[in-house]
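J.: Below are the chains, spelled out letter by letter.
Number of protein chains: 4
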Amino acid sequence: MTLEELRSLVRDFVEEREWTPFHTPKNLAMTLSVEAAEVLEHFLWLTPEESAALPADKREAVAHELADVLLVLTRLADRLDVDLAQAFRDKMVLNRAKYPVEKARGKALKYTEL
Amino acid sequence: MTLEELRSLVRDFVEEREWTPFHTPKNLAMTLSVEAAEVLEHFLWLTPEESAALPADKREAVAHELADVLLVLTRLADRLDVDLAQAFRDKMVLNRAKYPVEKARGKALKYTEL
Amino acid sequence: MTLEELRSLVRDFVEEREWTPFHTPKNLAMTLSVEAAEVLEHFLWLTPEESAALPADKREAVAHELADVLLVLTRLADRLDVDLAQAFRDKMVLNRAKYPVEKARGKALKYTEL
Amino acid sequence: MTLEELRSLVRDFVEEREWTPFHTPKNLAMTLSVEAAEVLEHFLWLTPEESAALPADKREAVAHELADVLLVLTRLADRLDVDLAQAFRDKMVLNRAKYPVEKARGKALKYTEL
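Read top to bottom, the protein sequences are chains A, B, C and D. For the first sequence, the residue numbers in UniProt numbering are 1 to 114. For the second sequence, the residue numbers in UniProt numbering are 1 to 114. For the third sequence, the residue numbers in UniProt numbering are 1 to 114. For the fourth sequence, the residue numbers in UniProt numbering are 1 to 114.
Among the hints, a few may not be true.
All copies of an identical chain are treated as equivalent in the list; a pair is satisfied when it fits inside any one copy or across any two copies.
[Claimed, not checked] The calculated DSS-like cross-link candidates involving lysine-lysine, where the alpha carbons are at most 25 Å apart (straight line), are: (1) K91 x K107; (2) K58 x K98; (3) K103 x K58; (4) K107 x K58; (5) K91 x K103; (6) K91 x K58.
Hints in this document: simulated from the structure, not taken from any laboratory.
With the rest of the complex left out, here is chain A:
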């Protein structure tokens, strides 16, 4: 599945339901944070090891939450006319410059600094 196909699927789903008026970028950005927190909630009290070995039912519940994040992310990009694939490629160029392999190797760098 391509990012472009994703965009069409989400757009069709939303437009059939006439939800576009509610989908201001501001509202979608809020939704993205709410969905990310629903992912986070599944990991709250787990040890790092437990988080890497989820039982099947919990893993499926998390998979559904990840799908929600992907849906909202795709929709927000669409509403902003942002091409997610291009934005990703652009960012990776910046990331490679910012974190050269020799310098970054084995260090707990913050993705938030990417």
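With the hints as your guide, set chains B, C and D onto chain A.
T.: Chains B, C and D alone, transformed into the frame defined by chain A:
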């Protein structure tokens, strides 16, 4: 770009830098929330209308944050052995059942309920 | 109610239940984000005007979520040996220097820059 | 410092700067999530043990972020006419009923379920 290609690109980037030991699902779930909040921050004091008409420089800054969310989301799914494309398809089946067009049309349904 | 009384009430509640081993600052910081998102969720699709005129039942539900944020915030500060009242006073000194009345008046400054 | 004093201090700070028009509950709820994520960011790559033994400079940086959360929480409650002390007391009654000591002891209960 497919979700599968994305996964490979992110995995190569991370493995070259030997960051996998830090990438427990728990840590990545935290990072996802932090990245979503960085998107949100751009929309804090905007009116809904302003949020739909960002100036070019701000739009590009948001695009980079969206790329970060996509990167972390892709990585988290990879670490959990979740196939994002399949998870998305599964969730859309649930969404279509939960929000039938006739019932959902024009109502501000919560994505968080999807 | 003082911040010091709050701290004691939360601590007693937690210690009676022997939850302290789970309350690493990392876990509590995660919980704080999850609780903040539960507040946010109530405001997702509201207009600014609607958000300022909540019906009574929704207002009470939000009040309970705000109490959760206060509880977790208090607990996290306690676990870090941070005196919240002192931290607040210190931060307000910085805020007053950063946002002089003459310069900041009527401008949509970001709290995130406070 | 009481919660009532906090409310007055925050209100005076905001009104001097004429920021009230920007402080819709919706905008403040967004700010609360952004501030909570700034706390979270400090803990991203730490082990649970490291998170409980922050170096002094990092501990002070976190204290400032906690003060921001307290400030925004106080302001949001004020704008909603919610008495935080009363909301806290009400919630603790519910918490005590929901998590009886005998049943809850030593179990990693989710604060999000409180």
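J.: Give a verdict on every hint.
T.: Results of checking the hints against the structure:
1. K91 x K107: within (20 Å within a copy, 32 Å between copies)
2. K58 x K98: between (36 Å within a copy, 21 Å between copies)
3. K103 x K58: between (37 Å within a copy, 23 Å between copies)
4. K107 x K58: between (30 Å within a copy, 18 Å between copies)
5. K91 x K103: Within one copy only: 19 Å inside a chain, 35 Å across chains, cut-off 25 Å.
6. K91 x K58: between (32 Å within a copy, 15 Å between copies)
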